[in-house]
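Trainee: The residues making up each chain are set out below.
Number of protein chains: 2
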Amino acid sequence: MLGNLHYLLYPRSVAIVGASVKEHSVGRIIVENLLKLGFKGEIYPVNPKYSEVLGLKCYASLRDISGEIDVAVVAIPAPKVLGVLEDCGWKKVKHVVIVSSGFGELGELGRTLETRILEIAGRHGMRILGPNTTGILNLENGFTTAFTRIPENVRRGNVSLIVQTGVFAASLLRWIITCENLGLSKVIGLGNKLDIDEVDALNMLKDDEETEVIMMYIEGVKNGREFLKVAREVSREKPIVVVKSGKTKAGWEAARSHTGTLAGRDEIFDAVCRQAGIIRAVDFEDAVDYVKCLSMLPPPKSNSVGVLSYSGAGCVIAADAVEEWGLKLAALKPSTYSKISKLSPPYWSKSNPIDLGPILESEDAKGRVSKVLELVLEDGSVDSIVLIIPVVSGGEEPILWEVGGNISWYKRLISECKAKYPSKPIIVVVNGSKEAIEEAKEALESIGIPVFTSITRAVRALSKIYWWHSRRSV
Amino acid sequence: MLGNLHYLLYPRSVAIVGASVKEHSVGRIIVENLLKLGFKGEIYPVNPKYSEVLGLKCYASLRDISGEIDVAVVAIPAPKVLGVLEDCGWKKVKHVVIVSSGFGELGELGRTLETRILEIAGRHGMRILGPNTTGILNLENGFTTAFTRIPENVRRGNVSLIVQTGVFAASLLRWIITCENLGLSKVIGLGNKLDIDEVDALNMLKDDEETEVIMMYIEGVKNGREFLKVAREVSREKPIVVVKSGKTKAGWEAARSHTGTLAGRDEIFDAVCRQAGIIRAVDFEDAVDYVKCLSMLPPPKSNSVGVLSYSGAGCVIAADAVEEWGLKLAALKPSTYSKISKLSPPYWSKSNPIDLGPILESEDAKGRVSKVLELVLEDGSVDSIVLIIPVVSGGEEPILWEVGGNISWYKRLISECKAKYPSKPIIVVVNGSKEAIEEAKEALESIGIPVFTSITRAVRALSKIYWWHSRRSV
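Chains A and B, in that order, give the protein sequences.
Under my numbering, the first residue of the first sequence is numbered 1, with each subsequent residue one higher.
Under my numbering, the first residue of the second sequence is numbered 1, with each subsequent residue one higher.
Think of the hints as simulated: they come from the structure by calculation, not from any bench.
You may find that some hints are simply not true.
Said to hold, decoys possible - Under the rule of at most 16 Å between Cα atoms (straight-line distance), these lysine to aspartate or glutamate pairs were calculated in the EDC-like manner:
id: 1; chain 1: A; residue 1: Lys249; chain 2: B; residue 2: Glu324
id: 2; chain 1: A; residue 1: Lys434; chain 2: B; residue 2: Glu438
id: 3; chain 1: A; residue 1: Lys22; chain 2: B; residue 2: Glu361
id: 4; chain 1: A; residue 1: Lys434; chain 2: B; residue 2: Glu442
id: 5; chain 1: B; residue 1: Lys434; chain 2: A; residue 2: Glu438
id: 6; chain 1: B; residue 1: Lys434; chain 2: A; residue 2: Asp379
id: 7; chain 1: B; residue 1: Lys434; chain 2: A; residue 2: Glu180
id: 8; chain 1: A; residue 1: Lys434; chain 2: B; residue 2: Glu180
id: 9; chain 1: A; residue 1: Lys350; chain 2: B; residue 2: Glu108
id: 10; chain 1: A; residue 1: Lys434; chain 2: B; residue 2: Glu324
id: 11; chain 1: B; residue 1: Lys333; chain 2: B; residue 2: Glu374
id: 12; chain 1: B; residue 1: Lys22; chain 2: A; residue 2: Asp379
id: 13; chain 1: B; residue 1: Lys36; chain 2: B; residue 2: Glu140
id: 14; chain 1: A; residue 1: Lys301; chain 2: A; residue 2: Asp379
id: 15; chain 1: A; residue 1: Lys328; chain 2: B; residue 2: Glu253
id: 16; chain 1: B; residue 1: Lys229; chain 2: B; residue 2: Asp270
id: 17; chain 1: A; residue 1: Lys57; chain 2: A; residue 2: Glu86
id: 18; chain 1: B; residue 1: Lys249; chain 2: A; residue 2: Glu324
id: 19; chain 1: A; residue 1: Lys434; chain 2: B; residue 2: Glu152
id: 20; chain 1: B; residue 1: Lys92; chain 2: B; residue 2: Asp64
id: 21; chain 1: B; residue 1: Lys434; chain 2: A; residue 2: Glu442
Unchecked claim - Away from chain A, derived, C-beta distances all over 12 Å, residues of chain B:
id: 22; residue: Tyr10
id: 23; residue: Glu119
id: 24; residue: Leu139
id: 25; residue: Pro299
id: 26; residue: Leu413
id: 27; residue: Lys420
Stated by the list, open to error - For each label pair, taking beta carbons as the anchor points, the in silico distance ranges come out as:
id: 28; chain 1: A; residue 1: Lys328; chain 2: B; residue 2: Glu152; range: 23 to 31 Å
id: 29; chain 1: A; residue 1: Ser61; chain 2: B; residue 2: Ser302; range: 53 to 61 Å
id: 30; chain 1: A; residue 1: Gly395; chain 2: B; residue 2: Ser446; range: 36 to 44 Å
id: 31; chain 1: A; residue 1: Ser61; chain 2: B; residue 2: Ser362; range: 22 to 30 Å
id: 32; chain 1: B; residue 1: Ser341; chain 2: A; residue 2: Asn4; range: 36 to 44 Å
Given the structure is predicted, the values throughout are model-derived calculations rather than measurements.
Each residue gets a CB set at the ideal place from its N, CA and C atoms; glycine is no exception.
Given only the sequences and the hints, what does the whole structure look like? Please build it.
Mentor: Written as structure tokens, this is what we have:
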């Protein structure tokens, strides 16, 4: 139930005020994106300069359009926005997305403009998204108000983003699409949050069927109490990963000139996150680590981890990370140890983390590694697995042992384990050349196994999803 | 002056005990590596099973070799090592690299073996590297004892590694070679550190002309007082970046079974690092961030940073990071602001971080951005620059503005700035698709400009090199 914001994500018609044919202009890119994404609703370009924009009839004013308008996108200089808003009101437009900048972020004059926008919107019962935002991208129906080009190959999936920024969201999107095997559903850009804010956005995604994981970038929270209430509600069902900047004095000042946001004390926001069950990330790389695991993995039943590593150093680093991030190394059953001992040369460490080194040096290493992995998964004391392996790409020579880096063999093995133990999350850390890392990432993430190159980051991500799941059952 | 360890890096002859023709065997790979890297000294394979290994005459025993042996590499099972060591002594071998595992890391029996190794070595005045290590890789003369295949395309440069691990170092090496534009000089693997330890290794690199930056992975320190003394000395001249695991109880236990190391309390190691001027990194990604900056950049004269970003969010995130990591945003001169104002639409933020957004939207964006960057560099209050830009790859559409992602244009611009202001470090953060990021990294790092994708990580790395440089001048 999206309440009265339903049509912001699912409009039947959209008008673009400031539509343009000028190469690289905001008003052109918005129309291009809608056409490219195959939006099925009505598209009304509005600009007195043109009679046609990209093959669509162009209107001189909103008032000239005869059909109903669910969403108007306003992409014209700030000083002209008030007049257009009156037109919107006259046309009974439901929602207005103001992409233009030049408002509250610039000080007194801009804030006066914003007050007047709110007054007009209130008078006509319109909800405003922005100003100073890319607005909406909905991969379900191809609806977007984004003024940066949306790449063709956006992967659709269970992750939605709420972002308080414009152009940055665009490059963030490119990065997510090309570097990370994350599937997206909705992107909601908030900009200056004059009306619609992070609480509305969370409410929009709360009951959205496709959205299973929410990632947010915000510079501040408009109403802390309300945010806590709604975030707590949402994060019972769907994990929320937040990157919040405006943490320091220097950051607050920069935030004020970016989106006019008052950032507030960081310790308070931290406490809000803990109370609401929000996972806080330091930066986007960090956030994507968490989102990737949340999007792919089942909930770990406990904090008890089994670690297998091809190198002793990997064992040590993983053991440190497990303890530092509040997880614990599973105390494997004596019977598991004795079964592994039968598969390994005598000089193995007989402890968790399990150093696979000696086994990889043995005859029939593949068979033995498979059995060891299964023995650890089978052990009731283990509720998640971190597997650290070397990988080699096609042309490369193996790292030490033949089995060492065989990506397709590992893929088959892990895929079987996943099918057999669907409730135990498996995270894989790969070491090797860039090419091999990319191949392994593609191969394993395509079967829902998150891949990392840093042991520390893998374990930290596991700890965060465990925290979210454990908190949820409280 | 490497003292009596000189020939460990620069041997005139090397014997490989356990040399083999068996595919993927340690004894074969060591010989292969020496041939592939073009080592010019004598190579003596030793193995009673063969008369020839890879075209080289193979000897039944060390005692059958008539020439002098500077380094003997021992790659045979642990129980047979003692006999070979007596042979080494008889042959007056200077240094022995024991790559085999199966010693102190396995407990009592292994420790007894180690005691006997030390006794034999002491009696003959031989220095021992290892056991349980890949040993040496010297890109200057092609000498190596590594039992994992060294890729052909290792880049030679000013970074040397000291690593207390074997196979992990190998995949770390592949990663550094293929993912990072770092040039390497020496790699010293320590293994169980029975004799030669991190202090010896630091001393070896101290006066090494090619080595300008040292990166270490250790699981513990044998003699804390000595380590502090030598590290402090070395790090006055050359920065040392350390990843130390064995931080937690779980980590100590894993370290004991990996290299038999007693790890010691982490707070103490932390204090040692601070006192010695060592830069401590959390993991390898972190360490490479720092090493990259240290290897490429001039020392920042102060902690005063100028930030330029194409997006407002970038400004906020950078401002936070600058404050969090103990740097400060430069207070630009009023004249700099007024000059920038002349190049920018009125709605720019008039503060550092500088939001390039409005300028990028203007006519002649390229000319204006160049001038703004130069104005900031020219400002005496700025001692380093963080430049945040969007990048696009050949076939991709630009992000919003045409100038936005032009990698070759940015390369030219930054290269000119670098030439004009050689004493001010410039770090670049790029946002965009994977392809674009990689292109930008290649282009800019080839001219000595470190490239990051995370603003936080870029600023953190800058703060670490500033810390090292500032501490050095105390």
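Trainee: All the hints need checking, so say for each whether the structure fits it.
Mentor: Right, here's what the structure says about each hint:
1. A:Lys249 <-> B:Glu324: holds, 10 Å
2. A:Lys434 <-> B:Glu438: Holds, at roughly 11 Å.
3. A:Lys22 <-> B:Glu361: holds, 13 Å
4. A:Lys434 <-> B:Glu442: Roughly 13 Å between the alpha carbons, so the hint for A:Lys434 and B:Glu442 holds.
5. B:Lys434 <-> A:Glu438: Holds - the C-alpha atoms of A:Glu438 and B:Lys434 are around 11 Å apart, at most 16 Å.
6. B:Lys434 <-> A:Asp379: Violated - the C-alpha atoms of A:Asp379 and B:Lys434 are around 39 Å apart, more than 16 Å.
7. B:Lys434 <-> A:Glu180: holds, 9 Å
8. A:Lys434 <-> B:Glu180: holds, 9 Å
9. A:Lys350 <-> B:Glu108: Given that 16 Å is the threshold and the Cα spacing comes to 15 Å, the pair holds.
10. A:Lys434 <-> B:Glu324: Between A:Lys434 and B:Glu324 the Cα gap is close to 31 Å, so the pair fails against 16 Å, i.e. violated.
11. B:Lys333 <-> B:Glu374: At roughly 14 Å apart (the allowed maximum being 16 Å), B:Glu374 and B:Lys333 satisfy the hint.
12. B:Lys22 <-> A:Asp379: Since the Cα atoms of B:Lys22 and A:Asp379 sit roughly 37 Å apart, the hinted pair is violated (cutoff 16 Å).
13. B:Lys36 <-> B:Glu140: holds, 14 Å
14. A:Lys301 <-> A:Asp379: holds, 13 Å
15. A:Lys328 <-> B:Glu253: The hint holds at about 13 Å.
16. B:Lys229 <-> B:Asp270: Since the Cα atoms of B:Lys229 and B:Asp270 sit roughly 15 Å apart, the hinted pair holds (cutoff 16 Å).
17. A:Lys57 <-> A:Glu86: Outside the cut-off at roughly 22 Å; violated.
18. B:Lys249 <-> A:Glu324: holds, 10 Å
19. A:Lys434 <-> B:Glu152: At roughly 15 Å apart (the allowed maximum being 16 Å), B:Glu152 and A:Lys434 satisfy the hint.
20. B:Lys92 <-> B:Asp64: At roughly 13 Å apart (the allowed maximum being 16 Å), B:Asp64 and B:Lys92 satisfy the hint.
21. B:Lys434 <-> A:Glu442: holds, 13 Å
22. Tyr10: holds, 26 Å
23. Glu119: Non-interface label stands for B:Glu119: nearest chain A Cβ at 22 Å, farther than 12 Å.
24. Leu139: At roughly 18 Å from the nearest Cβ of chain A, B:Leu139 sits farther out than 12 Å, so the non-interface label holds.
25. Pro299: Answer for B:Pro299: holds, closest chain A Cβ roughly 23 Å.
26. Leu413: Label holds. Min Cβ-Cβ 19 Å, cutoff 12 Å.
27. Lys420: holds, 27 Å
28. A:Lys328 <-> B:Glu152: 23 to 31 Å: violated, 43 Å
29. A:Ser61 <-> B:Ser302: 53 to 61 Å: holds, 56 Å
30. A:Gly395 <-> B:Ser446: 36 to 44 Å: violated, 24 Å
31. A:Ser61 <-> B:Ser362: 22 to 30 Å: At 28 Å between Cβs, range holds.
32. B:Ser341 <-> A:Asn4: 36 to 44 Å: holds, 43 Å
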